[in-house]
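J.: Chain by chain, the residues run as shown.
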Amino acid sequence: MTGVLDVLTHTHRPPVADKDEAWKDEVAPDEGSPFRPLYDDSIKFNGQPIALVVAEDWEIAKFAATLVRVEYQEEHAFATDLEAGRNKATEVKKPHEPRGDAAGALARAAVRHEADYFIPTEHHNPMELYATTVVWNGNGRLTVYDKTQGVQNVHKFLCSVFGKKPDDIRVLSPYVGGAFGSGLRPQYQVVLAMLGALALKRSVRVVLTRQQMYGLGHRPATIERVGLGAKPDGTLDAVTHEATAITSRYEDFSRNDSGWAEQLYKSPNSRYSHKLVRLDVSTPCDMRAPGAASGVCALECAMDELAVALKLDPIELRLKCYSDRDQSEDLPYTSKQLRECYARGAEAFGWSRRNPAARAMRDGNELVGWGMATGVWEALQMPVAVRIVLTANGHAEVSCAASDIGTGTYTIVAQVAADALGLPIENISVKLADSTLPQAPVEGGSWMAASSAHAVLGAAEDIRQDLARLASTMPSSPLAGVDAADVTLVNGTIASNGERNDAVSIADAMRYGKLERIEKQKLNQFAEDKSHARNTHSAVFAEVKVDEQLGVVRVTRVVSAVAAGRILNTKTGRSQIMGGVVWGIGMALHEETVMDHRFGRIMNANIAEYHIPVNADIHDIDVIFVEERDDRINRLGVKGLGEIGIVGVPAAIANAVYHATGKRIRRFPITLDKLLA
Amino acid sequence: MINFQYSRASDVADAILLLTAHPGAKLIAGGTNLIDLMKENVEEPSRLIDISRLPLRKIEETADGGLRVGALVPNSDLAYDPLIEQRYPLLASAILAGASAQLRNMASVGGNLMQRTRCAYFYDTATPCNKRHPGSGCSAIEGLNRNHAILGTSASCIATNPSDMSVALAALGALVHIAGPSGEHTMALTDFHRLPGDTPHVDTNLGAGEIITAIELPPRGFAHNYSYLKIRDRLSYAFALVSVAAALELDGNAIREARVALGGVAHKPWRSLEAETALRGQAATIEHFSHAADLLLQGARAYAHNGFKVELARRAIVRTLMQAASATPQSQTHKKIA
Numbered sequence: 000m001t002g003v004l005d006v007l008t009h010t011h012r013p014p015v016a017d018k019d020e021a022w023k024d025e026v027a028p029d030e031g032s033p034f035r036p037l038y039d040d041s042i043k044f045n046g047q048p049i050a051l052v053v054a055e056d057w058e059i060a061k062f063a064a065t066l067v068r069v070e071y072q073e074e075h076a077f078a079t080d081l082e083a084g085r086n087k088a089t090e091v092k093k094p095h096e097p098r099g100d101a102a103g104a105l106a107r108a109a110v111r112h113e114a115d116y117f118i119p120t121e122h123h124n125p126m127e128l129y130a131t132t133v134v135w136n137g138n139g140r141l142t143v144y145d146k147t148q149g150v151q152n153v154h155k156f157l158c159s160v161f162g163k164k165p166d167d168i169r170v171l172s173p174y175v176g177g178a179f180g181s182g183l184r185p186q187y188q189v190v191l192a193m194l195g196a197l198a199l200k201r202s203v204r205v206v207l208t209r210q211q212m213y214g215l216g217h218r219p220a221t222i223e224r225v226g227l228g229a230k231p232d233g234t235l236d237a238v239t240h241e242a243t244a245i246t247s248r249y250e251d252f253s254r255n256d257s258g259w260a261e262q263l264y265k266s267p268n269s270r271y272s273h274k275l276v277r278l279d280v281s282t283p284c285d286m287r288a289p290g291a292a293s294g295v296c297a298l299e300c301a302m303d304e305l306a307v308a309l310k311l312d313p314i315e316l317r318l319k320c321y322s323d324r325d326q327s328e329d330l331p332y333t334s335k336q337l338r339e340c341y342a343r344g345a346e347a348f349g350w351s352r353r354n355p356a357a358r359a360m361r362d363g364n365e366l367v368g369w370g371m372a373t374g375v376w377e378a379l380q381m382p383v384a385v386r387i388v389l390t391a392n393g394h395a396e397v398s399c400a401a402s403d404i405g406t407g408t409y410t411i412v413a414q415v416a417a418d419a420l421g422l423p424i425e426n427i428s429v430k431l432a433d434s435t436l437p438q439a440p441v442e443g444g445s446w447m448a449a450s451s452a453h454a455v456l457g458a459a460e461d462i463r464q465d466l467a468r469l470a471s472t473m474p475s476s477p478l479a480g481v482d483a484a485d486v487t488l489v490n491g492t493i494a495s496n497g498e499r500n501d502a503v504s505i506a507d508a509m510r511y512g513k514l515e516r517i518e519k520q521k522l523n524q525f526a527e528d529k530s531h532a533r534n535t536h537s538a539v540f541a542e543v544k545v546d547e548q549l550g551v552v553r554v555t556r557v558v559s560a561v562a563a564g565r566i567l568n569t570k571t572g573r574s575q576i577m578g579g580v581v582w583g584i585g586m587a588l589h590e591e592t593v594m595d596h597r598f599g600r601i602m603n604a605n606i607a608e609y610h611i612p613v614n615a616d617i618h619d620i621d622v623i624f625v626e627e628r629d630d631r632i633n634r635l636g637v638k639g640l641g642e643i644g645i646v647g648v649p650a651a652i653a654n655a656v657y658h659a660t661g662k663r664i665r666r667f668p669i670t671l672d673k674l675l676a
Numbered sequence: 000m001i002n003f004q005y006s007r008a009s010d011v012a013d014a015i016l017l018l019t020a021h022p023g024a025k026l027i028a029g030g031t032n033l034i035d036l037m038k039e040n041v042e043e044p045s046r047l048i049d050i051s052r053l054p055l056r057k058i059e060e061t062a063d064g065g066l067r068v069g070a071l072v073p074n075s076d077l078a079y080d081p082l083i084e085q086r087y088p089l090l091a092s093a094i095l096a097g098a099s100a101q102l103r104n105m106a107s108v109g110g111n112l113m114q115r116t117r118c119a120y121f122y123d124t125a126t127p128c129n130k131r132h133p134g135s136g137c138s139a140i141e142g143l144n145r146n147h148a149i150l151g152t153s154a155s156c157i158a159t160n161p162s163d164m165s166v167a168l169a170a171l172g173a174l175v176h177i178a179g180p181s182g183e184h185t186m187a188l189t190d191f192h193r194l195p196g197d198t199p200h201v202d203t204n205l206g207a208g209e210i211i212t213a214i215e216l217p218p219r220g221f222a223h224n225y226s227y228l229k230i231r232d233r234l235s236y237a238f239a240l241v242s243v244a245a246a247l248e249l250d251g252n253a254i255r256e257a258r259v260a261l262g263g264v265a266h267k268p269w270r271s272l273e274a275e276t277a278l279r280g281q282a283a284t285i286e287h288f289s290h291a292a293d294l295l296l297q298g299a300r301a302y303a304h305n306g307f308k309v310e311l312a313r314r315a316i317v318r319t320l321m322q323a324a325s326a327t328p329q330s331q332t333h334k335k336i337a
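Each protein sequence line maps, in turn, to chains A and B.
Residue numbering for the first sequence follows numbering that gives the first Met the number 0, beginning at 0 and increasing consecutively.
Residue numbering for the second sequence follows numbering that gives the first Met the number 0, beginning at 0 and increasing consecutively.
What the hints contain is simulated information worked out from the structure, not anything from laboratory work.
Virtual Cβ for every residue (Gly too), placed ideally from N, Cα, C.
Keep in mind that the hints are not guaranteed to be accurate.
Quick list of the computed label-pair ranges, beta carbon to beta carbon [to be verified]:
id	chain 1	residue 1	chain 2	residue 2	range
1	B	D35	A	D56	17 to 23 Å
2	B	S45	A	W57	17 to 23 Å
3	A	R666	B	K335	23 to 29 Å
4	B	L194	A	R209	30 to 36 Å
5	A	R352	B	A337	21 to 27 Å
6	B	A253	A	R352	41 to 47 Å
7	A	T1	B	D35	25 to 31 Å
8	A	H9	B	H200	46 to 52 Å
9	B	P217	A	E346	57 to 63 Å
10	B	D35	A	T435	39 to 45 Å
Derived DSSO-like pairs (lysine-lysine); straight-line CA-CA distance at most 30 Å [said to hold, decoys possible]:
id	chain 1	residue 1	chain 2	residue 2
11	A	K673	B	K335
12	B	K335	A	K662
13	A	K265	A	K529
14	B	K38	A	K61
15	B	K38	A	K43
16	A	K230	A	K319
The whole structure should be built from the sequences, with the hints applied where relevant.
T.: Below is the structure:
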């Protein structure tokens, strides 16, 4: 056909690596063999790419793709249903060791609650489609513009898959239109674009359609079985949590769904386990607060059910079980202002006015329900390096390979640099997401704020040392002989900590040193400290109004009180938490990948039928940052905010729906047909 | 999407000539549904005949006191037209319950009548579907059918009609003006869409080479006692699980005239003359509305996942009639159900 350049398949494509190791990116699961597009003739899941049509324009390629005829044979019966496969689940090792005799204590408990909670498969729908442009530079070198959360991860992956030297490939992703975990691993379009470029020896762009994006990773469907055994006074004797999750047949993907009670609720006996059911689907991937969003949802619904059984206020139950230590390692926390989250959130929400009985509050035709839940996530930090180039005109460029996936990394890096270098923020430029820049891992796990900020501090500190040396040796300097430890960079000057009047301008010091620029690159350094647990926490309160006759649910108010150390930027931080709350509303009420198991096929692979909240579904969202000073975790006391905003939200809404209606829906999302049943 | 030819019709007669000359051709106006279906390779017209420039954009008064709405009036223009807002607020409300502002700006009145089902199997060319590929079988009957029909279904198809506007038009007793190779004629809106029977691939009774030129609204507008209630899985931008258009004429608390049409439950907007007759002359009470709901839902048949629709529809009918009777119509901007 005119305009069609090539049709690549497993029998007609440039060579790629054979060994699994070459296909394992930095966040690939340990167990399994990563998916390789157009590698061989095996079909692993419905929605798998099996051919790449390259044409002069996108419309021709799309039309030509409809003309490709495919023959295949069924080699074995396929299965995609988690619940049908539950009895074939295999246990995977997780770090939380059992304590005591949880099963026995649960059986003997005076008050006991045990139930299954079902979280469906959910798919990523960032606004920006997955797309890669490979630019053929003609000298054997390729520039790859990719949608990714980790340019160096993609760079290393492409070098190993295609046998290239590091200098042959450069990967850029300076602006990312949402990713939320979907771009942690290199996605298949980057491999296809590379195959196309190498086959045709020219630039190639591959853009996935929204529908094709349902062939990427997903939050795995899970059955979360939670057991809680309590004494009549509301203290816990036993916690059991068994998560059974989907994975693909070719990789074992799993996260920590079940261990979160270890952080939150004191119990002498506990058992946590994680099981996988291997099915004919693509490998799941991280999606905002992977593991916790699902596992804590179940745990917090179960705690609400226990509170009802104990006739205790849900907050009171949580305070009775409150754990000041991470029980798995028996460690204190670097900081944990969760009690304050409960108090501040409850006050802002008006929780004290809650009638504890279900179906007791009403507004016209609507039943009103108030529910709450706890949120928890990790405060991680990873090795990140930044380079700062300070020029004599008082401008600084800060560069790092880290991505900004819309969370505000550019902004906080500039803020921290401006503060540490004593320069106005408009004098700072930030360059991110280029694989040639100083090292950074994928942007994920809520670790990038703390990690990048401390790399900036390190490099700025080296610059301060150099400038102090210059200032102390300049002729007739007011800072002559001053110790480097005694000066600060402020207002474009090197200033004495004692007398602020004693200062030398940065420009003068650099002129004296005959320096056009000072360039420092530094890897962040965090003290090795295994003596404390590091977590962020939240208390989420939700009001729902449910039409009694029709089952229509509206989430009319959410208060999220978050303790996450120092908040570097309340504007971007608040926005992150609000986004998490909106997603949590979707997880509670809307999101579900619907699969026809007869075909192993997703039947709502588009954003018309795969529902996420729209504006009409969102009402008041109040974000409270609870002050949490943490001198131990890192110099700035930063913990990260990316994930914590969603955790607990679905459970708070489910608990509010129970409080409104007296109906406990344990199968998400809570749609009106379940409430009418 | 496949390659296709494109022609622009110069007038209605030209559109009919082009349609007749090219049997694989389709008319295109706003394209809000057809283009989507073409991208999915569900619709593969050999030619698109662009009628968007034809002079069918007027809203005119008819001699008997009704209104004639040109087929190319955009949905949003219709919803916000002062005559419609004053005399036929039920129609304005139903239109505003559908889609999004952007889609309503593009979509035409005639196109709205022609939109096709949102059955997931119809949209997915990898699965059997009698509506898309006659004789291939229905994937929904034994498959995922939570969104599907409970009334007027057949062994071939249980798809629903997705239009909100058509539900209000059915209740209002609108007429469809049609032009074709053999001249012009009109058809009741309630006769325009078909039940699936054993020909589910035929959505409407529009004949070969025919084109919708206008919708005619009879004088009776039910402007005082009406409501359109749409129940869906999120509060906007979702197709109806069940929707109800209710229109009453009251004499005190006595019902002089009643119209009730349902969306989301059948292959066409669903009305029951028996239910409406039963309401006439009765008091506007929950008991009578419940009885009417039972009559409307006579013969309802549930499949594996859509059984909830029967009770939901029953309750929604009663609620909508109560809203209409009390002159507190459902707001389409404030999503709280009155």
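J.: If you check each hint against the structure, which ones fail?
T.: Of the numbered hints, just 8 does not hold.
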